[in-house]
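Participant: Residue numbers are given in our numbering: position 151 of the sequence shown equals residue 151, and the series is strictly consecutive.
Honestly, the hints are just simulated from the structure, not real lab data.
Every value quoted in this text rests on a predicted model; they were computed, and no experiment measured them.
From the three backbone atoms N, C-alpha and C, an ideal C-beta is built for every residue, glycine too.
Fair warning: there could be bad hints in the mix.
[Unchecked claim] As a list, the in silico DSS-like pairs of lysine-lysine whose alpha-carbon atoms are at most 30 Å apart:
(1) Lys64 to Lys47
(2) Lys47 to Lys63
(3) Lys47 to Lys34
[Unchecked claim] Restraint-style ranges between C-beta atoms, simulated for each label pair:
(4) Lys63 to Asn23: 54 to 60 Å
(5) Val19 to Ile42: 20 to 26 Å
(6) Arg84 to Lys156: 54 to 60 Å
(7) Gly136 to Leu81: 55 to 61 Å
(8) Val78 to Leu124: 36 to 42 Å
(9) Asn135 to Val85: 39 to 45 Å
(10) Leu59 to Asn23: 32 to 38 Å
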Amino acid sequence: MAKYEPDEVEYSCSDQRDVLIENLPKSFMALVDKLTEQETKIKELTKRQDQVIVDNTPLIDLKKSELIKEVDYLRSMVSTLERRVTLLEEKQQAGPGAVAFFATVSDDIGHLHDRQRILFDNVLTNTGDAYNEHNGTFVAPVAGLYVFSTTLMSSKG
């Protein structure tokens, strides 16, 4: 086995230590340069971010305002629909409503045929909307007793 002399080992360690100490400032300066470069990039990015915020603030405010208006509109619609539902429920609980229909024909009608509909052009009462003025039909909306009366006149000729 080979023997190492203490002086040789010390000399070798001392040389390595000297090389490390010599290179330490270079390594330290490289780290300082890298840190400075990173700080510069951070400042640039922060500045760009601030500018993006400034540029987009009006757009964000506009969108926010539009969303607030839409939410207000939707709340109004919900409120309106809730009122309508409440009214419909109350109307349904009250039971069937009254039905009344009274109408006249203002002109002469010539030659009526079987099952011919008569369109009443002067509707005075249509409570319950059971009579349809456009097609001349009366649909009973609720079960009950209905009385219909007509007056007919004919002339010679």
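Participant: Take the hints in turn and mark each one as holding or not.
Facilitator: Outcome of the hint check:
1. Simply put, Lys64 and Lys47 have alpha-carbon atoms about 25 Å apart, close enough for the 30 Å limit, and the pair holds.
2. Between Lys47 and Lys63 the alpha-carbon distance is near 24 Å, which keeps this suggested pair within the 30 Å criterion.
3. Of the pairs offered as hints, the one joining Lys47 and Lys34 holds, with about 20 Å between alpha carbons and a cut-off of 30 Å not exceeded.
4. Distance hint check: the CB atoms of Lys63 and Asn23 are about 57 Å apart, consistent with the given range 54 to 60 Å.
5. Against the hinted window of 20 to 26 Å, the Cβ-Cβ separation of Val19 and Ile42 comes to about 34 Å, which falls outside the hint.
6. The given range of 54 to 60 Å is respected by Arg84 and Lys156, whose C-beta atoms sit roughly 57 Å from each other.
7. For Gly136 and Leu81, the Cβ-Cβ distance of about 34 Å falls outside the hinted range of 55 to 61 Å, so the restraint is violated.
8. Roughly 39 Å separates the CB atoms of Val78 and Leu124, a value that falls within the hinted 36 to 42 Å.
9. For the hinted restraint 39 to 45 Å between Asn135 and Val85, the CB-CB distance of approximately 31 Å leaves it violated.
10. For the hinted restraint 32 to 38 Å between Leu59 and Asn23, the CB-CB distance of approximately 54 Å leaves it violated.
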